[in-house]
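Protein chains in written order, with this note's numbering: chain A, 1 to 356; chain B, 1001 to 1165.
Treat the hints loosely; a few may be bogus.
Only pairs whose alpha carbons sit at most 20 Å apart, straight line, appear in this in silico EDC-like list of lysine to aspartate or glutamate [claimed, not checked]: (1) B/Lys1141 <-> B/Asp1106; (2) B/Lys1060 <-> A/Glu348; (3) B/Lys1060 <-> A/Asp350; (4) B/Lys1141 <-> B/Glu1121; (5) A/Lys105 <-> A/Asp91; (6) B/Lys1060 <-> A/Asp91; (7) A/Lys89 <-> A/Glu342; (8) A/Lys147 <-> A/Asp131; (9) B/Lys1140 <-> A/Asp4; (10) A/Lys124 <-> A/Asp345; (11) A/Lys147 <-> A/Asp108; (12) A/Lys124 <-> A/Glu348.
Derived by calculation from the structure, the hints in this document are not laboratory data.
Each chain, written out:
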Amino acid sequence: MSADRLRGILRDMADEAHPAPLVAGAVRRTRRARARQAAVAVIAVLGVLAGLIAVLGPGTDARPEPAISPSPSPSPSASAYTGAFYYLKPDGSVWRWRVAGVPEKILDGGGYHRATASVSPDGKYLAYVDDDMMLTVVPTRGGTPRKLLAYSPNLTCVEPVWAPDSRSLLVSPREMEGLWLVDVEDPGNPYPIGYEVDGCHPQFRYQSGLDLIWVTTDGERIRGSGGENYTAIMPRMRVTGLAVLIPDTLIQFCATTSKDPLTTVPPRPLSCTVMMETALGDQIRMFPDPPTDNGIMDVIPRGPKNAQGQTCVAFRELTQNGVAIMCHAGYFGNGVSERVNEPVDLIEADLLVYVP
Amino acid sequence: MPEAETDFAVFARAHTPALIRSAYLLTGDQHHAEDLVQSALSRTHRHWRRVGDPIAYTRKAMYHLQVSRWRRGRVREHLTDVIADRTPARVPDVALRLTVRNALMDLSRQQRAVIVLRFFEDLDVAGTAAVLGCSPGTVKKYTFRALAHLREALPELAELMEGDA
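Between the sequences and the hints, there should be enough to build the whole structure, so can you do that?
Here's what the structure looks like:
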């Protein structure tokens, strides 16, 4: 009876949806994607031809090169994005791209488990669950993969989360109840965090009691509004130090519901001042506020800067000319200050992380 | 128009309304639902000649896109207390509808997908697992947790257990 009631409720809610003519739009999307693929192919062919010409050298009728100084090449430093973007393609392969370069594959695609790939904040390591259901770490520059522990992911989005020091991984495998920290150098002794997590483990539940203050860019906290840092105060909550900044600026965190259970929370093996880094390298810091004993969470922008010196918050946007990575100033800024066009063959890929 | 294009257009027009209904439950928003369905249809269109069962392929693509979109950050979800102007007149209870919407949107995307597949699409555990590409045990786990949350929000569903689907 209750199941029928739920079905009825869902049907009623679905009735709010209205049919829309989507066929033409879907076909246009396909044509755009195919046009981009064709453009890539043409550019690749031209590149190969140019390379061949360069290798074979000028013909006999070629005139000598004029004695001029080489003109400066387009400078990658013109972009705020001087680091590397890491992408996950639908086939499970992981790619690295720098604004001035071409994408390079750093991990072959495999079973869907490789969709668990996650790049460490320092960009040196790639963690993923391999086809043997083992949490594995491999250097992004190449090397021998190291299997850390058995890991049965629940869904493709359950990737491990790196600690900001790139030395530990936050995991929630089915073999182990709740959240655990795994030291990459000592995977045999995972540390229990003690929280049960619904779904993807970066999606920690936001608890009630949120208040917002702004802080200065150097990380020193001040009360009031203004500035570009983001700080959340959680009255009557004890922060346990787990946080993730989701790219759409939704910040969720894990905290106890009151101060009372504090004595039951074991000390953590990591520093409680820097708990996580965002996709752009921003630090999320968590620590107690002694006067009030409330939990404090700060986000300290460390990502690329725009021309005005403001920290960029990047996200991807589908435009008429393809996918662009936008650089917005501030977490709630509106103005677009920089745009870099991604290679077209990364359009279907997920942007995993930007490593400055 | 080539025959394949015509076939795709006929297929898409026939199934778009049903897909949008499911997508609406997944996203809670008409525009996001349309974007989700259009993305899924585009994928089907791209592989039209190789797709054996277009509706199954499109549906699977739609659920996968929705579950994985949180990583892309392209789509922002906004919960609203305002009922859309296009709400049909047969709404029986606005308060209940708001409660249901909020409870559903409060679920994780995986839990929401499982609830829609099992209680709206009427798929069993195995069918749901096949669409989402996960194990039946995972489906049961998500169903159990999602129903626990819904029961909390909707006392009239108190008797609803995981095995009722």
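**Prompt:** What are the numbers of the hints that this structure violates, sorted from low to high?
**Reply:** Result: hints 10, 12 break, sorted rising.
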